[in-house]
Amino acid sequence: MSDDTDHPAPQEESLFEAPPMAEQERMCEAILFATAEPISAKEIEARMPHGCDAAEALVHLRKRYEGRGVHLVKVGDAWAMRTAPDLGFLMQKETVETRKLSRAAIETLAIIAYHQPVTRAEIEEIRGVSVSRGTVDQLLEMEWIRFGRRKMTPGRPVTFVVTQHFLDHFGLENARDLPGLKELRAAGLLENRPPPGEMPQMGEGDEDLNEETEEGQTELFED
Amino acid sequence: MSDDTDHPAPQEESLFEAPPMAEQERMCEAILFATAEPISAKEIEARMPHGCDAAEALVHLRKRYEGRGVHLVKVGDAWAMRTAPDLGFLMQKETVETRKLSRAAIETLAIIAYHQPVTRAEIEEIRGVSVSRGTVDQLLEMEWIRFGRRKMTPGRPVTFVVTQHFLDHFGLENARDLPGLKELRAAGLLENRPPPGEMPQMGEGDEDLNEETEEGQTELFED
Amino acid sequence: MSEDTFEEMGQIESVTDRMAAEALIVDVDGYEGPLDLLLTLSRTQKVDLRKISVLQLAEQYLAFVERAKALRLELAADYLVMAAWLAFLKSRLLLPPDPTEEGPSGEELAAHLAFQLERLQAMREASARLMGRDQLGRDFFARGLPEDVTRIRRVQYTATLLDLMQGYARIRTRDEFRPYAFDREALFTLEQALERMRGLIGFAGTWTDIASYLPDGFTADPARRRSATASTFAAALELTKEGKVELRQSEVFAPLELRRKG
Chain D
1 MSDDTDHPAP QEESLFEAPP MAEQERMCEA ILFATAEPIS AKEIEARMPH GCDAAEALVH
61 LRKRYEGRGV HLVKVGDAWA MRTAPDLGFL MQKETVETRK LSRAAIETLA IIAYHQPVTR
121 AEIEEIRGVS VSRGTVDQLL EMEWIRFGRR KMTPGRPVTF VVTQHFLDHF GLENARDLPG
181 LKELRAAGLL ENRPPPGEMP QMGEGDEDLN EETEEGQTEL FED
Chain L
1 MSDDTDHPAP QEESLFEAPP MAEQERMCEA ILFATAEPIS AKEIEARMPH GCDAAEALVH
61 LRKRYEGRGV HLVKVGDAWA MRTAPDLGFL MQKETVETRK LSRAAIETLA IIAYHQPVTR
121 AEIEEIRGVS VSRGTVDQLL EMEWIRFGRR KMTPGRPVTF VVTQHFLDHF GLENARDLPG
181 LKELRAAGLL ENRPPPGEMP QMGEGDEDLN EETEEGQTEL FED
Chain H
1 MSEDTFEEMG QIESVTDRMA AEALIVDVDG YEGPLDLLLT LSRTQKVDLR KISVLQLAEQ
61 YLAFVERAKA LRLELAADYL VMAAWLAFLK SRLLLPPDPT EEGPSGEELA AHLAFQLERL
121 QAMREASARL MGRDQLGRDF FARGLPEDVT RIRRVQYTAT LLDLMQGYAR IRTRDEFRPY
181 AFDREALFTL EQALERMRGL IGFAGTWTDI ASYLPDGFTA DPARRRSATA STFAAALELT
241 KEGKVELRQS EVFAPLELRR KG
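Residue numbers (this note's numbering), protein chains in the order written: chain D, 1 to 223; chain L, 1 to 223; chain H, 1 to 262.
Please note that the accuracy of each hint is not assured.
Pair by pair, the computed Cβ-Cβ distance ranges are [unchecked claim]:
| hint | chain 1 | residue 1 | chain 2 | residue 2 | range |
| --- | --- | --- | --- | --- | --- |
| 1 | L | 19 | D | 18 | 40 to 48 Å |
| 2 | H | 48 | D | 66 | 38 to 46 Å |
| 3 | D | 18 | L | 121 | 49 to 57 Å |
| 4 | H | 66 | D | 89 | 30 to 38 Å |
Hints were generated in silico from the structure; no laboratory data involved.
The model shown is predicted, which means the values in this text are computed figures rather than measured ones.
Built from N, CA and C at the ideal position, the CB exists for glycine as well.
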């Protein structure tokens with residue numbers, strides 16, 4: 001008992017050496033198989049024995065599952081096991097009937113994904129109509145979008161960004177992997193070009209709504 | 001539809017050749033991963049393309065997962081993927097909650113520290129109340145106290161002493177280093193003013209001390 | 001049967017055209033605003049949106065609005081706003097630029113409208129591509145049999161040396177041990193002041209110096225007087241806030257006077 005405390009840390013470390021990498025890989029595999037939601041390397045590591053390097057083990061594991069019926073995919077800064085998309089046809093039984101999204105909701109989602117962080121006014125400017133509260137609520141409820149930082153423009157409007165859940169759902173590692181993003185940017189179509197004067201402003205009707213949502217949201221912002 | 005039943009099986013097989021075994025293995029893997037319940041080879045096969053042999057694919061798959069973090073196990077006559085039993089500890093998340101020792105435990109510990117070696121009867125006499133078994137057990141379990149020598153008095157009662165662990169925790173070299181009451185008061189750590197009407201038990205030395213502190217406080221207060 | 005009729009008539013082209021024209025009118029509610037309608041109209045030009053003729057588009061839009069009016073269809077205000085603006089744009093595009101005129105030129109406005117249409121079109125295509133991707137729960141799947149992570153809560157008890165010493169002192173002094181604290185005898189608390197004043201304001205019909213509310217025994221000793229004055233003043237503010245009394249002061253450093261309200 002007293003011996004342990006008398007000696008400095010180095011000895012302790014040698015007592016609890018990190019398991020070999022193959023074993024660490026097994027551990028990551030077990031943890032990932034057990035969870036349905038994406039889980040960060042940090043969280044995985046926290047559950048592994050002291051001294052493990054989850055990030056490295058995950059790289060090995062990902063390679064091991066290449067071409068298999070189940071893949072290790074990266075979702076934002078988290079990881080998850082997912083069945084290979086080409087085998088979807090086997091899973092009719094597992095298919096969950098998703099709520100059919102309205103055209104407005106789909107377009108709003110796409111605009112948020114490609115233009116994020118984007119304010120409600122900017123979405124309205126792009127779609128040319130006001131965005132109904134229900135549309136945004138639906139996307140928030142599905143956890144496909146969330147509030148981002150406030151914009152440093154007059155009124156400090158809230159912005160919307162897509163979530164990890166969104167990335168997971170559409171099999172994206174990163175919001176930068178959105179299809180056609182580069183081309184759209186190159187074509188200048190993701191720019192926020194202010195209209196020259198004397199143009200009718202699109203979808204202005206929702207001022208009060210903005211104010212309403214603005215309150216109480218500050219807590220939701222990271223940093 | 002009606003065509004299928006009119007023609008005999010052989011022709012159909014040649015039309016839809018079963019995928020290679022590696023592919024069948026992938027399919028089983030994906031189905032097993034995604035299903036919420038154990039699933040029989042027959043059910044798996046029913047979901048695979050015509051001509052597949054799920055039973056054989058499962059044998060290969062089981063082999064593939066041998067020694068991995070996840071195993072393919074048979075549950076009754078169904079199959080399921082399960083994390084390897086030796087990794088069960090990863091499925092636990094330990095949270096340590098630190099709580100303050102109860103007043104009874106602190107007082108008992110204090111008496112043991114100041115009076116060691118001390119018997120239970122002596123502790124009770126000093127505290128004026130009986131010492132519950134749970135309190136002593138808790139301190140023993142924390143390894144802050146241990147049994148000392150038996151006292152050479154009638155009944156040869158066991159005594160309690162504090163441990164090295166205790167000294168380490170409190171940063172003491174020796175139990176004799178514990179400051180005495182007088183020192184505590186002199187250090188200004190303790191105030192010793194009893195509520196009115198309960199003076200009789202006070203030690204003599206307390207009177208002047210009170211005056212002392214009172215003076216000091218008045219000064220502080222006037223500034 | 002009906003297919004045969006179409007073929008016989010040999011007018012498929014004109015029928016679909018007619019149906020499209022009707023759809024435009026009947027489905028006016030189906031459009032998501034003027035921009036959406038403009039985008040639909042632009043398709044009849046069958047050119048790259050970058051090369052679109054905004055003038056032609058403006059004319060198409062205005063014709064559409066005229067037709068809708070002829071059919072006595074209710075058009076939302078923003079459709080009419082857009083119609084007015086496009087009429088204005090049309091005149092700007094047709095007339096030679098007036099150098100004295102302020103603001104953006106007709107070409108600039110037209111270019112921005114074309115940009116808006118192109119951007120909306122691009123977002124429509126992007127959303128179609130997004131929804132066309134493999135989706136979780138449809139094309140690929142998560143673990144069907146997730147295992148729960150059991151949370152083990154371990155309680156660790158702790159104490160400090162001070163706890164220990166205080167515990168011992170408590171026993172040795174028969175429980176009459178308190179941690180070091182200020183002597184509170186010279187204190188007159190806000191609660192005490194409030195309680196005292198609540199009892200007394202009933203009598204304060206006329207303006208009275210709040211100094212007269214200091215309790216007995218708190219006026220001679222400076223420390224006690226200071227504490228009582230502060231608390232009484234705070235209590236007076238509190239009662240003013242509650243609307244029970246009024247406070248006044250004739251000049252800086254003059255006595256504060258208090259009177260019952262109502």
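Here's how the hints hold up against the structure:
1. L/19 / D/18: 40 to 48 Å: holds (41 Å)
2. H/48 / D/66: 38 to 46 Å: With Cβ atoms ~41 Å apart, the hint holds.
3. D/18 / L/121: 49 to 57 Å: At 51 Å between Cβs, range holds.
4. H/66 / D/89: 30 to 38 Å: For residue 66 of chain H and residue 89 of chain D the Cβ distance comes to about 52 Å; the hint is violated.
In the structure shown, a violation is registered for the earlier hint numbered 4 alone.
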